[in-house]
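Work out the full structure, taking the sequences as your base and the hints as a guide.
Number of protein chains: 2
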Amino acid sequence: MTAKPPWMIAPGTPWKVVEAREVYDNPWISLTEYDAIAPTGRPALYGAVRFKNLALAILPLHDDGAVTLVGQHRFPIPGYSWELPEGGGPLGVDPLESARRELREEAGLEAADWREVLRFQLSNSITDERGYGYLATGLSPVAAEPDETEALALARVPFRQALDAALAGHILDMLTLAMLLRAYHMAREGALPSALAKAMLN
Amino acid sequence: MTAKPPWMIAPGTPWKVVEAREVYDNPWISLTEYDAIAPTGRPALYGAVRFKNLALAILPLHDDGAVTLVGQHRFPIPGYSWELPEGGGPLGVDPLESARRELREEAGLEAADWREVLRFQLSNSITDERGYGYLATGLSPVAAEPDETEALALARVPFRQALDAALAGHILDMLTLAMLLRAYHMAREGALPSALAKAMLN
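These protein sequence lines are chains A and B, in that order. Just so we're aligned, residue 65 is where the first sequence starts under my numbering, counting upward by one. Just so we're aligned, residue 65 is where the second sequence starts under my numbering, counting upward by one.
No lab work stands behind these hints: they were computed from the structure. Remember, it's a predicted structure, so these values are computed and weren't measured experimentally. Check before you lean on any hint, since a few could be wrong.
Identical copies look the same in the list; a pair holds intra-copy or inter-copy alike.
Under the rule of at most 35 angstroms between Cα atoms (straight-line distance), these lysine-lysine pairs were calculated in the DSBU-like manner [as the list claims (entries may be wrong)]:
id, residue 1, residue 2
1, K262, K80
2, K68, K80
3, K116, K80
4, K68, K262
5, K116, K262
Okay, here's the thing in structure tokens:
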């Protein structure tokens, strides 16, 4: 792992909590309102949402350079969403195990090789949602098992077509955008087998 | 703009709302709990968080291939966070105007050239947070004006060093990760002036 560069020191004072009020709780999130003191010393109200699951994204990359995408209606967002296979992994469970399950359930795929290629926080201002992105290769089909609220469509698409559609604004899901760009970076930087990289970038 | 590929049809039924209960509201977010019907026909409880601001990220790219990063303590997340200049743009305000303001306030920079290079939704499961990423070039210094809760550090870093630090896990902020990868993609795909691309990739 690359060492942390010396300019990445952590100066100053963190936020301080004066009072916390629990507002809401369900099996997936909780919301707490805080009276806080900002690093500048100024009092501030803060409503923070805590997540009970990790956000996991899997890029299933086939030997011919295609990727498998999943289409579905998402609740919080208008319109239909094409994305990588994604899902929540309970905190305290190995995220790779949760990712294997999501790939099997949503895409009907198993992978011989898994690489963690992205580690992220999704919202810096309101939520603490964080997660991992995995590149899955050596794919083979298994029976898909979507959960009881998921009606999923599947598409097997050339990598370049998926990336172009995403950058044209047809895919808005940030995990998908970031993972496609990360895979592009890996293909260009020699981090993938050259035949696979060539098939992706064609 | 690339046309939407034909496989991106929107089959099936969207989610239906049976009942909505307002739970929480502050100047930045609201939380509503829903009794809903999933696309599969199954009843489901849903707690959804609505955002009152767009998420905006600006990649300030200097002529020598360096980028300006901002360091700060974020409330919802433990530890110190290095990021691109970012901030909230009120819904109903031109996001580019909000991005110009954020770049000036946080980084003390003005840009002659602005390009929207990423359009995204940050959470597909709980929130409707969405936003835009801009590449800002032709930079010149102005007085920084952080708001009353922001204590910011600034660093001017070679692009490659920022990208490597991010991919090594030293930068977790997803907007920053995605925007650095997007700029890498642009540099590699001939979407930037060749001298600038060369300086970034060195």
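We went through each hint and held it up to the structure:
| no. | hint | result |
| --- | --- | --- |
| 1 | K262 with K80 | neither (51 angstroms within a copy, 44 angstroms between copies) |
| 2 | K68 with K80 | within (26 angstroms within a copy, 47 angstroms between copies) |
| 3 | K116 with K80 | both (23 angstroms within a copy, 24 angstroms between copies) |
| 4 | K68 with K262 | both (32 angstroms within a copy, 24 angstroms between copies) |
| 5 | K116 with K262 | neither (39 angstroms within a copy, 43 angstroms between copies) |
Hint violations for this structure: numbers 1, 5, all remaining hints satisfied.
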